Amino acid sequence: MFVFELGTEALRNLARHKLRSLLTTLGIVFGVASVLSMVAIGEGARRAILDQIQQLGIKNIIINARKPPAEENVNNEDTSSRLRYGLTFHDVRQIAETLPMVEAVLPVHDVEKWIWFKSRRISANVRGVTPDYFRRLQIIPFLGRTLEDIDSLERRRACVIRARLLDEAKYVGDPLKLDLKIGTEYYRVVGVLPDFEFQDLSKSVLGIEDRTMEVYVPYESVINRFGLDTYTRRAGSREMTRVELHQIVCAIDTEENVVHAARGIQAILSRLHKKKDYEMTVPLELLESKQKAQQVFNIVLPIIAGISLLVGGIGILNIMLASIVERTSEIGIRRAIGASRWDITWQFLIETVTLATIGGMLGVLLGVGSVYVLRVTTQWHADLTPWAVVLSMGVSCLTGVVFGVYPARRAAAMNPIEALRHG
Amino acid sequence: MVSNQPILKLAKIEKVYGTAANPLPVLRDVNLTVDAGEYVAIVGPSGAGKSTLLNILGCLDQPTNGSYYLMGEDVAHFDDPRLSSVRNTRLGFIFQSFKLISHLSVLENVEMPLFYARKPKRIRHRRCLELLEQVGLSHRKSHRPSELSGGECQRVAIARSLANDPAMILADEPTGNLDSVTSADIMGLLGRLNDSGRTIVLITHDDEVAASVPRRVSLRDGRIEHDTLREASN
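Chains A and B, in that order, give the protein sequences.
Note that the first sequence ends on residue 497 in the working numbering; no numbers are left out.
Note that the second sequence ends on residue 235 in the working numbering; no numbers are left out.
By construction, these hints were calculated from the structure, which means they are not laboratory data.
All figures in this text were calculated on a predicted structure; none of them were measured in a lab.
Do not take every clue at face value.
[As the list claims (entries may be wrong)] Result set (EDC-like, lysine to aspartate or glutamate): computed pairs, CA atoms no more than 20 Å apart in a straight line:
id	chain 1	residue 1	chain 2	residue 2
1	B	K122	A	E83
2	B	K142	A	D303
3	B	K120	A	E79
4	A	K141	A	E79
5	A	K350	A	E318
6	B	K10	B	E226
7	B	K122	A	D253
8	B	K122	A	D417
9	B	K120	A	D184
10	B	K120	A	E83
[Stated by the list, open to error] Away from chain A, derived, C-beta distances all over 10 Å, residues of chain B:
id	residue
11	K10
12	T20
13	R119
14	S147
15	A168
16	N178
[As the list claims (entries may be wrong)] Label-pair ranges, simulated between beta-carbon atoms:
id	chain 1	residue 1	chain 2	residue 2	range
17	A	E79	B	G198	31 to 37 Å
18	A	F78	B	N23	57 to 63 Å
19	B	D36	A	L472	17 to 23 Å
20	B	G177	A	F78	35 to 41 Å
21	A	N392	B	R145	50 to 56 Å
22	B	E131	A	P376	32 to 38 Å
23	B	L25	A	R483	25 to 31 Å
24	A	L439	B	G198	55 to 61 Å
We treat Cβ as the ideally placed atom computed from N, Cα and C, and that holds for glycine.
Given only the sequences and the hints, what does the whole structure look like? Please build it.
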């Protein structure tokens, strides 16, 4: 009760000098606001990236074929002008047979053919995949179905597309009645998948690409129908490229084994490929390196927060010391009519804590406001977590205690006789 | 308010300022007894030790040697919380320059001793209205001290000194800052308080003021020179 009344008293006292109180606590206001928005931005970015790493599949290892640089690309074994690179069926077999922790090896073969919808040409990647691919990567269609074993076995001309493709084709009507012409053949759409877009930030951080313009067709069907060679006509010359597989996705049994498996795969591939015509992505390693980067943030941020609260606290300390000198006479009167040293200590401590807490509240408001503005005006993900708000309020309150103790003790230590003589 | 015990009893009070090598005695061997209901004026030229004596009586300062019995308790060597509590509940202060807190209203100023006595707000409020009624300032309760005249301020201070129904009121030159008419007014108020049984110890260097007080203790060079009781008058 006593403390509560001292609180009201403190509020009234602060309200007497509104501008002064505001200026005094400004350090804390800006400190809290900036830390809060930094946390929000950091948290938002972290979560966005983590989500997307999760999407790649934490237990997967992805190997992409990569065209080697031009001067190296003549393969000595093959005397024809045919360019060979990339992953092979042999790689798949080797990996599957050598490494027991690899549960599944999913081959992907891309087809470089034009896609037509009526007379409209759509530029999209055609990926030949096995039905397992959808299961392992947890790709779930929102319309129709994914490719199934029967599609592969019967070499059906079925395809699953990304939703964006429909927009691109300007197709209205039931997507499941749509026939797309891939190269020279018609494929029936059996399922539509949600678009899967990465943010620019994570694209640059993770080195991954969007999966929007994609058409999935049964792997067996495309290899059977289009073969493995691609002819490219250029002015005056003809180029033939042979890529057996463009991508291999290895699904590992447990998370603990991912790193071992990655090493094993690396060893197998480096033995089988003289040129480095492939590239391995391990989502788990990306996640771990991201978490390491986060650790730096976790160390730096409290330091920044600490410095800004230190500066804010010193501002409060300074004004409280001046205020005590100004109110010497009041302290003398209070002591004379029966306030003990503790009463005086409490009075000033509570005043400082109130000031700091108000600063914290204003800082939270400012921080929440700026996070909101950031979210509306930019594409940044900023997540304002409740614990950050609670923590910053708590810390500013604590700042009030830490920097209020000294002035309050000083006020209490005043000699009442001298204080009474003052002013 | 009459009891067998004296309200205060000073025994061989000494107060020495300065350093051990260069002591500066201010009070030497002061013995004084004040009974309940008495009205005492302590007079003396400046430098006689009046203020020091008042500070000791008011438990704001402690004597170097000697005992100070306040209502039978030796308060000379109490610690701060107990001294504060004594000041709060057994003593009431009236100062020359009123010593009201300027940013608080009249009511809140009067309330303050009750606040430090941890009295609940409702009781404080009722008691304060009573006290303001008593000093004739009910109509000024929400004013600031700066909006009042000197005499009114001193009456607020008197109301404040009475808040916790103290055993003794200590007045330090209560009329020092007032003109003669308001001085008489304030002295009249103190006289009436004494008539109703309140013990008052007043310090002054003004003979005219001292003349209206029944008992007169004169102090010179830190010693009590005379202690005279004037018969009759009121």
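Status of each hint after checking the structure:
| no. | hint | result |
| --- | --- | --- |
| 1 | B:K122 - A:E83 | holds, 13 Å |
| 2 | B:K142 - A:D303 | violated, 101 Å |
| 3 | B:K120 - A:E79 | holds, 12 Å |
| 4 | A:K141 - A:E79 | violated, 77 Å |
| 5 | A:K350 - A:E318 | holds, 15 Å |
| 6 | B:K10 - B:E226 | holds, 17 Å |
| 7 | B:K122 - A:D253 | violated, 84 Å |
| 8 | B:K122 - A:D417 | holds, 17 Å |
| 9 | B:K120 - A:D184 | violated, 86 Å |
| 10 | B:K120 - A:E83 | holds, 16 Å |
| 11 | K10 | holds, 22 Å |
| 12 | T20 | holds, 17 Å |
| 13 | R119 | violated, 6 Å |
| 14 | S147 | holds, 14 Å |
| 15 | A168 | holds, 13 Å |
| 16 | N178 | holds, 14 Å |
| 17 | A:E79 - B:G198: 31 to 37 Å | holds, 32 Å |
| 18 | A:F78 - B:N23: 57 to 63 Å | violated, 50 Å |
| 19 | B:D36 - A:L472: 17 to 23 Å | violated, 54 Å |
| 20 | B:G177 - A:F78: 35 to 41 Å | holds, 39 Å |
| 21 | A:N392 - B:R145: 50 to 56 Å | violated, 29 Å |
| 22 | B:E131 - A:P376: 32 to 38 Å | violated, 56 Å |
| 23 | B:L25 - A:R483: 25 to 31 Å | holds, 30 Å |
| 24 | A:L439 - B:G198: 55 to 61 Å | holds, 58 Å |
Checked against the numbered hints given earlier, this structure breaks hints 2, 4, 7, 9, 13, 18, 19, 21, 22; the rest are met.
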